[in-house]
Structure formats: C-alpha cells, structure tokens
Amino acid sequence: MKKIVMKVSINCSKCKTQVLKAVTKLEGINSVAVDGEKGTLTVVGEVDPVEVTRRLRKTGKVIEIVSVGPNKPPEKPPEPLSHFHPAAMIVNWL
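The numbering of the sequence shown is full-length UniProt numbering, which starts it at 1 and goes up by one.
Where hints are given, some of them may not hold.
Pairwise CB distance ranges (calculated) [said to hold, decoys possible]:
{"no.": "1", "residue 1": "K14", "residue 2": "P74", "range": "27 to 35 Å"}
{"no.": "2", "residue 1": "K14", "residue 2": "P77", "range": "35 to 43 Å"}
{"no.": "3", "residue 1": "E51", "residue 2": "K72", "range": "20 to 28 Å"}
{"no.": "4", "residue 1": "T17", "residue 2": "E75", "range": "30 to 38 Å"}
{"no.": "5", "residue 1": "V66", "residue 2": "K21", "range": "15 to 23 Å"}
{"no.": "6", "residue 1": "G36", "residue 2": "I65", "range": "13 to 21 Å"}
{"no.": "7", "residue 1": "C12", "residue 2": "P49", "range": "20 to 28 Å"}
{"no.": "8", "residue 1": "V66", "residue 2": "N30", "range": "15 to 23 Å"}
{"no.": "9", "residue 1": "K16", "residue 2": "P74", "range": "22 to 30 Å"}
{"no.": "10", "residue 1": "N71", "residue 2": "G39", "range": "19 to 27 Å"}
{"no.": "11", "residue 1": "K76", "residue 2": "K14", "range": "36 to 44 Å"}
{"no.": "12", "residue 1": "D48", "residue 2": "P77", "range": "17 to 25 Å"}
Computed list of lysine-lysine pairs in BS3-like fashion (alpha-carbon distance at most 30 Å, straight line) [as the list claims (entries may be wrong)]:
{"no.": "13", "residue 1": "K3", "residue 2": "K76"}
{"no.": "14", "residue 1": "K2", "residue 2": "K76"}
{"no.": "15", "residue 1": "K3", "residue 2": "K21"}
{"no.": "16", "residue 1": "K38", "residue 2": "K76"}
{"no.": "17", "residue 1": "K76", "residue 2": "K58"}
{"no.": "18", "residue 1": "K58", "residue 2": "K2"}
{"no.": "19", "residue 1": "K2", "residue 2": "K21"}
{"no.": "20", "residue 1": "K21", "residue 2": "K72"}
{"no.": "21", "residue 1": "K3", "residue 2": "K25"}
{"no.": "22", "residue 1": "K25", "residue 2": "K7"}
{"no.": "23", "residue 1": "K76", "residue 2": "K21"}
{"no.": "24", "residue 1": "K58", "residue 2": "K7"}
{"no.": "25", "residue 1": "K14", "residue 2": "K3"}
{"no.": "26", "residue 1": "K2", "residue 2": "K25"}
{"no.": "27", "residue 1": "K38", "residue 2": "K21"}
{"no.": "28", "residue 1": "K2", "residue 2": "K38"}
For the record, the hints were derived by calculation from the structure and aren't laboratory data.
Cβ coordinates follow ideal geometry from the N, Cα and C atoms, glycine included.
Whole structure, please, built from the sequences with the hints as guidance.
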C-alpha cells in the first residue's frame with residue numbers, strides 16, 4: 001500500500017467536494033483525507049499517483065505531489081513488564 005500526499009488548491013467547500021468526488025472514483029483506494037487548512041490531499045491504497053494527478057487536473061485544480069511512500073503500520077502499544085510482580089518491585093526498592 002502507498003500513501004500519497006498532494007498539495008491541492010482548495011478554496012471552498014465546493015472545491016473540497018470536487019476533489020473528493022474525482023479521487024474516490026478511482027479503483028484501489030482505501031482511504032482519502034482532505035485538509036482544507038493546509039491544502040493537502042492524502043490518498044492511501046494501491047493506486048498510481050500519476051492517475052490521481054491526472055484525474056484531479058481534469059477538475060481544473062493545480063496539483064503538486066509532496067510525497068509518495070509506504071503507509072505507516074499502526075503503532076503497537078508498549079507491552080507491560082509482565083515478568084515483574086508489583087509487590088516485588090516495592091520490596092526491592094526498600
């Protein structure tokens with residue numbers, strides 16, 4: 001899976017809707033996120049970045065690819081220290 005981050009000129013909610021409609025029609029997309037304040041579009045999935053750019057340029061938007069890379073796996077929470085007993089830690093501390 002790839003994570004594609006693009007800079008898109010998003011001025012209003014209509015622009016945001018146009019961008020989302022254009023991108024979600026492509027096959028192989030798992031998730032799409034639009035940040036209107038930063039003007040970024042993040043696409044995660046098995047899709048060609050050139051195809052996403054081509055589809056967005058048809059809507060009349062100026063597109064700049066910021067990064068293309070592997071999607072980060074979800075972070076695992078740290079495992080608790082199960083081999084220590086809490087009472088034993090207090091006794092050792094005294």
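Status of the hints after comparison with the structure:
no.: 1; hint: K14 - P74: 27 to 35 Å; result: holds (34 Å)
no.: 2; hint: K14 - P77: 35 to 43 Å; result: holds (41 Å)
no.: 3; hint: E51 - K72: 20 to 28 Å; result: holds (23 Å)
no.: 4; hint: T17 - E75: 30 to 38 Å; result: holds (32 Å)
no.: 5; hint: V66 - K21: 15 to 23 Å; result: holds (21 Å)
no.: 6; hint: G36 - I65: 13 to 21 Å; result: holds (19 Å)
no.: 7; hint: C12 - P49: 20 to 28 Å; result: holds (25 Å)
no.: 8; hint: V66 - N30: 15 to 23 Å; result: holds (19 Å)
no.: 9; hint: K16 - P74: 22 to 30 Å; result: holds (27 Å)
no.: 10; hint: N71 - G39: 19 to 27 Å; result: holds (21 Å)
no.: 11; hint: K76 - K14: 36 to 44 Å; result: holds (41 Å)
no.: 12; hint: D48 - P77: 17 to 25 Å; result: violated (34 Å)
no.: 13; hint: K3 - K76; result: holds (20 Å)
no.: 14; hint: K2 - K76; result: holds (20 Å)
no.: 15; hint: K3 - K21; result: holds (19 Å)
no.: 16; hint: K38 - K76; result: holds (28 Å)
no.: 17; hint: K76 - K58; result: violated (40 Å)
no.: 18; hint: K58 - K2; result: holds (23 Å)
no.: 19; hint: K2 - K21; result: holds (20 Å)
no.: 20; hint: K21 - K72; result: holds (25 Å)
no.: 21; hint: K3 - K25; result: holds (17 Å)
no.: 22; hint: K25 - K7; result: holds (19 Å)
no.: 23; hint: K76 - K21; result: violated (33 Å)
no.: 24; hint: K58 - K7; result: holds (16 Å)
no.: 25; hint: K14 - K3; result: holds (24 Å)
no.: 26; hint: K2 - K25; result: holds (17 Å)
no.: 27; hint: K38 - K21; result: holds (19 Å)
no.: 28; hint: K2 - K38; result: holds (21 Å)
Hints 12, 17, 23 from the list above are not met by this structure, while the remaining hints are.
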